[in-house]
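2 protein chains.
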Amino acid sequence: MEFIMRPIGEIHSPFTDKKQTPIQPTRSQAVGQVVVYPEFVEGLQDVEGFSHIILLYAFHQSEGYALRVKPFLDDQLRGLFATHHPCRPNPIGLSTVRLLARRDNVLEIEGVDVLDGTPLLDIKPYVPDFDVRIDTLTGWYGARSKA
Amino acid sequence: MEFIMRPIGEIHSPFTDKKQTPIQPTRSQAVGQVVVYPEFVEGLQDVEGFSHIILLYAFHQSEGYALRVKPFLDDQLRGLFATHHPCRPNPIGLSTVRLLARRDNVLEIEGVDVLDGTPLLDIKPYVPDFDVRIDTLTGWYGARSKA
Numbered sequence: 001m002e003f004i005m006r007p008i009g010e011i012h013s014p015f016t017d018k019k020q021t022p023i024q025p026t027r028s029q030a031v032g033q034v035v036v037y038p039e040f041v042e043g044l045q046d047v048e049g050f051s052h053i054i055l056l057y058a059f060h061q062s063e064g065y066a067l068r069v070k071p072f073l074d075d076q077l078r079g080l081f082a083t084h085h086p087c088r089p090n091p092i093g094l095s096t097v098r099l100l101a102r103r104d105n106v107l108e109i110e111g112v113d114v115l116d117g118t119p120l121l122d123i124k125p126y127v128p129d130f131d132v133r134i135d136t137l138t139g140w141y142g143a144r145s146k147a
Numbered sequence: 148m149e150f151i152m153r154p155i156g157e158i159h160s161p162f163t164d165k166k167q168t169p170i171q172p173t174r175s176q177a178v179g180q181v182v183v184y185p186e187f188v189e190g191l192q193d194v195e196g197f198s199h200i201i202l203l204y205a206f207h208q209s210e211g212y213a214l215r216v217k218p219f220l221d222d223q224l225r226g227l228f229a230t231h232h233p234c235r236p237n238p239i240g241l242s243t244v245r246l247l248a249r250r251d252n253v254l255e256i257e258g259v260d261v262l263d264g265t266p267l268l269d270i271k272p273y274v275p276d277f278d279v280r281i282d283t284l285t286g287w288y289g290a291r292s293k294a
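Chains as they are written, first to last, in the numbering used here: chain A, 1 to 147; chain B, 148 to 294.
Since the hints were derived computationally from the structure, they do not count as laboratory data.
All C-beta atoms, glycine included, are put in the ideal place defined by N, C-alpha and C.
Just to be clear, a hint being listed does not mean it is correct.
Residues from chain A that keep clear of chain B, each with C-beta distances beyond 12 Å, as calculated [said to hold, decoys possible]:
#1 H12
#2 P14
#3 Q20
#4 T21
#5 A30
#6 R103
Listed below are several chain A residues computed to face chain B (Cβ distance under 8 Å; list not exhaustive) [to be verified]:
#7 E2
#8 K124
#9 Y141
Construct all of the structure, not just a fragment, from the sequences and the given hints.
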């Protein structure tokens with residue numbers, strides 16, 4: 001079984017080098033743009049009512065993967081699925097960003113943490129009723145050696 | 148440009164009919180299992196330290212899409228990307244669930260909201276530092292006519 005995904009747009013950011021790219025969006029104040037291809041623009045209606053959106057995208061510069069990786073924030077090997085490492089069997093990235101403005105097919109966003117030119121796969125609205133969990137445990141992340 | 152995604156496992160749930168499936172995981176107490184294929188089991192190390200995980204999966208029973216849809220929780224047409232509707236250009240679903248236990252390649256989960264047999268594409272740890280946003284606006288969802 002396989003699923004073929006095709007970009008619906010591109011994410012633009014100040015980051016052109018993997019090494020400069022922030023680790024996660026809450027650590028980034030960087031402003032960027034989501035440019036949705038014109039044929040999908042009708043699907044953006046009502047998006048402007050949301051302060052935050054979830055971007056799903058392809059880690060297009062990742063190649064291959066290992067099932068145990070050393071996270072940026074730790075110095076021990078961890079299981080890949082306990083990390084947000086970009087090299088994954090299905091290289092799908094997920095970032096929640098602040099939506100600053102929409103102009104037609106362009107979304108101005110804050111908190112971008114992806115490489116410039118990243119292929120966009122999907123946009124979902126961020127709804128705390130669905131997306132926020134309290135009373136959480138965060139395993140190695142909570143106990144990590146590097147802050 | 149296209150990206151080929153292949154399942155890394157399957158999600159099992161009590162839901163065998165699209166019409167019975169809950170709308171979103173915070174509305175579901177249902178227990179299910181994530182069965183990761185044996186070749187990926189090493190990547191599950193350290194996952195058991197997290198109380199919540201994010202599942203990315205394929206909406207395998209969705210066919211085609213419309214750019215304006217009527218959400219389950221509303222009675223007006225909304226832009227597809229302002230909704231979590233399952234029929235999307237790239238039919239990737241996202242659910243945050245509670246991780247109850249791990250036994251080898253099987254994760255026992257609570258709050259499952261997908262059809263039984265849903266193909267799993269990725270697992271990411273839920274980390275409030277990355278995934279929680281406060282001070283949010285939720286557009287049509289906040290102002291919806293059906294609660």
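Status of each hint after checking the structure:
The beta carbon of H12 of chain A sits about 16 Å from the closest Cβ of chain B, which is more than 12 Å, so the claim that it is off the interface holds. A cut-off of 12 Å between C-beta atoms confirms that P14 of chain A is not in contact with chain B; the least separation is 20 Å. The beta carbon of Q20 of chain A sits about 19 Å from the closest Cβ of chain B, which is more than 12 Å, so the claim that it is off the interface holds. Remark: the non-interface label on T21 of chain A is consistent with the geometry, its nearest Cβ contact in chain B lying 14 Å away (cut-off 12 Å).
Under the 12 Å C-beta cut-off, the non-interface status given to A30 of chain A relative to chain B holds; the minimum distance is some 15 Å. With 12 Å as the threshold on Cβ separation, the claim that R103 of chain A sits away from chain B holds: the shortest Cβ distance comes to roughly 15 Å. Among the interface hints, the one on E2 of chain A holds; its C-beta lies about 5 Å from the nearest C-beta in chain B, closer than the 8 Å criterion. Taking 8 Å as the C-beta cut-off, the interface hint given for K124 of chain A holds, the closest approach to chain B being about 6 Å.
A least Cβ separation of about 5 Å between Y141 of chain A and chain B falls short of the 8 Å threshold, and the interface hint therefore holds.
Of the numbered hints stated above, none is contradicted by the structure.
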